[in-house]
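The lines below spell out each chain.
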Amino acid sequence: MVGQFILAAAGEPGWFDIDKLPVFIISLVSIAIVLYTTFHRKSREKYQVREIAGLKAVEEAIGRATEMARPVLFTPGWGGDIQRPTTIASMNFLSHVAEKTALYDSRLVYPTHDPVIMTVAQEVIKESYARAGFPDRYRDDDVSYVTSSQFGYAAAVDGLISRQKPASIFLLGTFEAESLILAETGNSVGAIQIAGTDSTIQLSFFIVACDYTLIGEELFAASGYLSNDKSILASVRAQDILKVLIILYLIVAVVWSTIAAMNGGTTDGWWSF
Amino acid sequence: MDRKLALGICFIFGVIMFAQYFSQHPMARAVNQAVLEYWQIIFAFTLLVGVASFMKSSFRKMRKPSDRPYQILGLLGLISMPVLALVWGIKAGTPFMWMFENVQAPMQATVFSLLAFFVASASFRGFRARSLQAAILLGAASIILLSRSSLGGIVSDYLPPVAEWIRNNPSMAARRAILIGIGLGSLTTSLRVILGIERTWLGGSQR
Chain B
901 MVGQFILAAA
911 GEPGWFDIDK
921 LPVFIISLVS
931 IAIVLYTTFH
941 RKSREKYQVR
951 EIAGLKAVEE
961 AIGRATEMAR
971 PVLFTPGWGG
981 DIQRPTTIAS
991 MNFLSHVAEK
1001 TALYDSRLVY
1011 PTHDPVIMTV
1021 AQEVIKESYA
1031 RAGFPDRYRD
1041 DDVSYVTSSQ
1051 FGYAAAVDGL
1061 ISRQKPASIF
1071 LLGTFEAESL
1081 ILAETGNSVG
1091 AIQIAGTDST
1101 IQLSFFIVAC
1111 DYTLIGEELF
1121 AASGYLSNDK
1131 SILASVRAQD
1141 ILKVLIILYL
1151 IVAVVWSTIA
1161 AMNGGTTDGW
1171 WSF
Chain R
84 MDRKLALGIC
94 FIFGVIMFAQ
104 YFSQHPMARA
114 VNQAVLEYWQ
124 IIFAFTLLVG
134 VASFMKSSFR
144 KMRKPSDRPY
154 QILGLLGLIS
164 MPVLALVWGI
174 KAGTPFMWMF
184 ENVQAPMQAT
194 VFSLLAFFVA
204 SASFRGFRAR
214 SLQAAILLGA
224 ASIILLSRSS
234 LGGIVSDYLP
244 PVAEWIRNNP
254 SMAARRAILI
264 GIGLGSLTTS
274 LRVILGIERT
284 WLGGSQR
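Sequence lines, in order, name chains B and R.
Quick note, in the working numbering, the first sequence goes up one by one and the last residue is 1173.
Quick note, in the working numbering, the second sequence goes up one by one and the last residue is 290.
None of these hints come from the bench; they were simulated from the model.
It is possible that some hints are incorrect.
Stated by the list, open to error - When the alpha-carbon atoms are kept at most 25 Å apart in a straight line, the in silico DMTMM-like pairs for lysine to aspartate or glutamate are as follows:
#1 R:LYS139 / B:GLU959
#2 B:LYS1130 / B:GLU1023
#3 R:LYS147 / B:ASP1040
#4 R:LYS144 / B:GLU1023
As the list claims (entries may be wrong) - Interface residues of chain B toward chain R, partial, derived using beta-carbon atoms under 7 Å:
#5 TYR1045
#6 THR1074
#7 ILE1081
#8 VAL1108
#9 GLU1117
As the list claims (entries may be wrong) - Facing chain R, a subset of chain B residues (Cβ under 10 Å, in silico):
#10 ASP1040
#11 GLY1052
#12 LEU1119
#13 ILE1146
Beta carbons are placed, not taken as given, at the ideal position from N, Cα and C, and that holds for glycine.
The shape of chain R in the complex, shown without the other chains:
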């Protein structure tokens, strides 16, 4: 019965959201807005489930001495930010904002900056001319990289237009082919969900 109810709600809202896309009527816009707002409200409540799961898993993992410092740090972060926000607010100059600007933001920037090193190491492995395809990839990548740097115009006047041609023709064609495949895959998966053929999202078996 629970499953049938969930499938029924999914079908009704799937059809409504599909239909409202083709309408500019104020009521259709209002329905769209209301559904999106309700989704935000539901998501806010699901965060509580996430926090409970995080705390439960952290307390269990604390039993292992090697994991303990990480779990304590994680829990401290989880508890301190809402406490600071509740006591002093979230305006500029409050302890919450200080923590955000001086602890959280730099930590996020640090992880993001790792990407630069990982791009270099991945490129080093990927751009090895071990086969004809790999050699073509290496050649194309070298032209694009050179043309994007200040050396591009110095080496040859032909380099920037060749790089542009690679980007706009073979590269774009391959990208669009992949995008069409993804689009069709998304379309059929969405239809399966709306029609109740696809049930994995309910948890459990497809059958």
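Same shape as in the complex, but just chain B:
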């Protein structure tokens, strides 16, 4: 086995690709930080998550739907499948939204493009309704697979929005070109819209067309913020620690690179991998 590792360094296809060593070390450091913040009791004691406007508006959005006797629409977008972290984060969000819609006796409609996401969403919503104490309010029909085609999905969700006129729309997950089509249709029926995605291109559309947008890591922090789950909040702390390390790395690399350039050296160095 050791021989195989060494062969990699000599250019043979071995068990370990030596070119990926920096990524491997960074991955191990990141994993160690996440594990430490999650399992070390002292570091899990107190968390302070800054206020996120989009998350504060969740209750207001569901309350509005109840008052107007209109449904709440939640969709995870066309771009992702269940193994995508954004979809997992949106499931946590869905769990909270479903619990509230069950409490307020508001209808929750969930169209999706992926049968696996549909099955998971059905279970998440069913469990949330049971947790709220109203399992009978769950409607199997409202969580449905529409199509795997991108614009077929956009047309189907647009049709749902136009016909059912939901009072609140949650666009949380992985969105591609359909993002603005859905957000503008939601806007045209006067729905309050909360959106969040991992695509920076689609984020700009959501910021313009939606009332609240979860930017970047806010979508991942949302489930911890809403559920107050210690393990999720611990990973938010891990993200902050990693962010500080990245900032320190950037500062050192910029200073080092500038000094190297001023002394007539190249701007390439240990920091570029």
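Got chain B sorted already, so can you dock chain R onto it with the hints?
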């Protein structure tokens, strides 16, 4: 027991897929390829679940007269395409390809083309100078739009380089900051799933 089994499988495959990324060994490549192929096979079977759900929901929604035409059209599409493919095949010139090229593709293009109108209406709302930040956004957007059109070079020679600077500096810096946040969020979420801390994907409660 079911949950423990699923969590165990998730942990084993999570670790294997993480480890294979750092290897160029033929066996590691083969494992990666095999897992991806199995995922495709599993996905094909899950489509059956999706089709069953679509049909069930369509038949129920048909009870409402206003929804009935849409549901009938949807079901016709769902049934006709596989029937045409099974009877006449999917080569060029077959009824399946005719339906694809003359019905499905134009319909998809129609929905996609809506985007042009929605970009205009969203821009109209977004680019209103109601605050200092909105005014900066409006200014930056105007410079970028002008520089990208044929008017850019005519109005001023400085416009294209200024637009390029906006794209490469403030815009790129903000984009990278968001991407770092997303990357870290994805990393911690993936770790939580692999370690079994995150269980929502199994359906049901996180706790």
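Right, here's what the structure says about each hint:
1. R:LYS139 / B:GLU959: violated (32 Å)
2. B:LYS1130 / B:GLU1023: holds (23 Å)
3. R:LYS147 / B:ASP1040: holds (17 Å)
4. R:LYS144 / B:GLU1023: Judged against 25 Å, a Cα distance of about 22 Å means the pair holds.
5. TYR1045: holds (4 Å)
6. THR1074: THR1074 of chain B check fails; min Cβ-Cβ to chain R is 11 Å, beyond 7 Å.
7. ILE1081: holds (6 Å)
8. VAL1108: Holds, because the Cβ-Cβ distance from VAL1108 of chain B to chain R comes to roughly 4 Å (cut-off 7 Å).
9. GLU1117: holds (4 Å)
10. ASP1040: holds (8 Å)
11. GLY1052: holds (7 Å)
12. LEU1119: Result: holds, 7 Å to nearest chain R Cβ.
13. ILE1146: holds (6 Å)
In this structure, the hints that do not hold are numbers 1, 6, in rising order.
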